Amino acid sequence: MSRQLKFNIFRYNPQDPDSVPHTDTFLLEETPSLTLFIALNKIREEQDPSLQFDFACRMAICGSCGMVINGRPGLACKTLTEELPEEITLMPLPVFELVGDLSVDTGSWFRTTNTKIESWIHTDKEFDPNAIEERMENDLANAIFELERCIECGCCVAACGTANMRDDFIGAFALNRIARFMLDPRDERSENDYFDVVGTDQGVFGCMGLLACEDVCPREIPLQDQLGILRRKMGFIGLKNIFKPKAKAVG
Amino acid sequence: MSGIDTAIFVKQPSRTAAYLDWLQMLTGAGLIIFMWCHMILVASVNISPNVMNTIAHFFEATYMAQVGGPLIGLTLLAHFILAARKIPYTSAEQGAIWRHAKMLRHTDTWLWVIQAITAMVILVMGSIHIWTVLTDLPITAAKSAARIQGGFWLVFYLILLPCVELHVGIGFYRIMVKWGIVKRSGRKGFHRFENIWTGVFILIGLITIIRFATLAIS
Numbered sequence: 001m002s003r004q005l006k007f008n009i010f011r012y013n014p015q016d017p018d019s020v021p022h023t024d025t026f027l028l029e030e031t032p033s034l035t036l037f038i039a040l041n042k043i044r045e046e047q048d049p050s051l052q053f054d055f056a057c058r059m060a061i062c063g064s065c066g067m068v069i070n071g072r073p074g075l076a077c078k079t080l081t082e083e084l085p086e087e088i089t090l091m092p093l094p095v096f097e098l099v100g101d102l103s104v105d106t107g108s109w110f111r112t113t114n115t116k117i118e119s120w121i122h123t124d125k126e127f128d129p130n131a132i133e134e135r136m137e138n139d140l141a142n143a144i145f146e147l148e149r150c151i152e153c154g155c156c157v158a159a160c161g162t163a164n165m166r167d168d169f170i171g172a173f174a175l176n177r178i179a180r181f182m183l184d185p186r187d188e189r190s191e192n193d194y195f196d197v198v199g200t201d202q203g204v205f206g207c208m209g210l211l212a213c214e215d216v217c218p219r220e221i222p223l224q225d226q227l228g229i230l231r232r233k234m235g236f237i238g239l240k241n242i243f244k245p246k247a248k249a250v251g
Numbered sequence: 001m002s003g004i005d006t007a008i009f010v011k012q013p014s015r016t017a018a019y020l021d022w023l024q025m026l027t028g029a030g031l032i033i034f035m036w037c038h039m040i041l042v043a044s045v046n047i048s049p050n051v052m053n054t055i056a057h058f059f060e061a062t063y064m065a066q067v068g069g070p071l072i073g074l075t076l077l078a079h080f081i082l083a084a085r086k087i088p089y090t091s092a093e094q095g096a097i098w099r100h101a102k103m104l105r106h107t108d109t110w111l112w113v114i115q116a117i118t119a120m121v122i123l124v125m126g127s128i129h130i131w132t133v134l135t136d137l138p139i140t141a142a143k144s145a146a147r148i149q150g151g152f153w154l155v156f157y158l159i160l161l162p163c164v165e166l167h168v169g170i171g172f173y174r175i176m177v178k179w180g181i182v183k184r185s186g187r188k189g190f191h192r193f194e195n196i197w198t199g200v201f202i203l204i205g206l207i208t209i210i211r212f213a214t215l216a217i218s
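For the protein sequence lines, the chains are A and B, in the order given. No gaps in the numbering here: position 81 of the first sequence is 81 in the numbering used here, and each next residue is one more. No gaps in the numbering here: position 103 of the second sequence is 103 in the numbering used here, and each next residue is one more.
Here chain A stands alone, though its shape is the one from the complex (with noise of 0.2 Å):
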């Protein structure tokens, strides 16, 4: 016999100043293979219409779906609903803006975070569209694309102690993202420019170890190992200039 599943979802709307935070809920009869991400839109077409949330790909690429289920941040079309009790509680992703409901602007944090860490391949070499691409061993272009899977779905900052606490964290996909162009020898940044980007209490040394986020990732980033190593790295290049007087500009 199929099991009667309880919803209670989080619903506001910050544009209408009439709108109070609550919580709503919904019963739906769990299907075959039920995921939340059709749950959702089951409930939006045969019961609430206003019902807001964010979907795209509905296959764990899009990094949209992103929302708190039952406590912990993950990816409602990832989540099928026989993983879970029959009550299920879905809140919207804390530390992005609320859009509505279960929708959060997740876009303006990355691109603030992405620009402030310089998430771009920094290169002097002028680009020769007809040449033929550089080669790669096969076995770093996996490591990148390891660390590149990231779909900034923002479930990692929205587990993250810090983050919550601290608006000027960079949190985990960042970390990630530093790591990644570490490995890529096209980026011609060297050890230092990355350390004034990363080797901050706003950075890496701002990580507590909690972590969430390795235990949330929808893609299953090796988030533990990439910070462990990027902390390793970064205090190393910090202890290297120890001694080094400190650039003052002249007055």
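Be careful, since some hints might not be right.
Claimed, not checked - Simulated crosslink set (DSS-like; lysine-lysine; CA at most 25 Å straight-line):
hint: 1; chain 1: A; residue 1: LYS78; chain 2: A; residue 2: LYS6
hint: 2; chain 1: A; residue 1: LYS233; chain 2: B; residue 2: LYS11
hint: 3; chain 1: B; residue 1: LYS102; chain 2: B; residue 2: LYS188
hint: 4; chain 1: B; residue 1: LYS11; chain 2: A; residue 2: LYS116
hint: 5; chain 1: A; residue 1: LYS42; chain 2: A; residue 2: LYS6
hint: 6; chain 1: A; residue 1: LYS6; chain 2: B; residue 2: LYS102
hint: 7; chain 1: A; residue 1: LYS233; chain 2: B; residue 2: LYS183
hint: 8; chain 1: A; residue 1: LYS78; chain 2: B; residue 2: LYS102
hint: 9; chain 1: A; residue 1: LYS116; chain 2: A; residue 2: LYS233
hint: 10; chain 1: A; residue 1: LYS240; chain 2: B; residue 2: LYS11
hint: 11; chain 1: A; residue 1: LYS78; chain 2: A; residue 2: LYS42
Calculated directly from the structure, the hints in this document are not laboratory data. Quick caveat, the model's predicted, so the values are computed rather than measured.
Once you've looked at the hints, dock chain B against the given chain A.
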């Protein structure tokens, strides 16, 4: 005019965060090693009070107690100041981490909350303990037993012991995963090892307290 610190107007790259993070870890690691040695000294009373007296005498004769003791006190203070950079002080931050921990129901996040709370207990009670012991040297099994048998110190140590062991255990685990020494593949196993390790230390500590409470003072 020369000598103006332009960093006020234009942010200069700084290494401070790296140094402070190293120091936080190193003072923590030093205190963890100290606490293990401390356990060896104190728990040796379970073998016999004479063994404890002999070890204590060794620390005394080599001036490790007189010099090392205050240094440990200073390290504790330094570690507190360094680690306090991460501890939420405004009510808004405290509320944020508390609500977050309740929402997430995530072991490592809760362990951090425990670490932060026990830190405050250790700062106060650990300081009192260090002061009491170092102003009444030499350390002997009889003196320790007399203190515990007074009643007040029994309660005092029953609170301080689990706080210290939890803080040390969680801190050890945290250093190992934070600095990438324990990798993803080893985390679960190391977590279990650390739980058992902490449990065993609390048990040895309790047995030691009982031993002191029942030791006949000649």
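Results for each hint:
no., hint, verdict
1, A:LYS78 - A:LYS6, "19 Å, holds"
2, A:LYS233 - B:LYS11, "23 Å, holds"
3, B:LYS102 - B:LYS188, "22 Å, holds"
4, B:LYS11 - A:LYS116, "14 Å, holds"
5, A:LYS42 - A:LYS6, "13 Å, holds"
6, A:LYS6 - B:LYS102, "21 Å, holds"
7, A:LYS233 - B:LYS183, "15 Å, holds"
8, A:LYS78 - B:LYS102, "24 Å, holds"
9, A:LYS116 - A:LYS233, "20 Å, holds"
10, A:LYS240 - B:LYS11, "21 Å, holds"
11, A:LYS78 - A:LYS42, "16 Å, holds"
Checked against the numbered hints given earlier, this structure breaks none of them.
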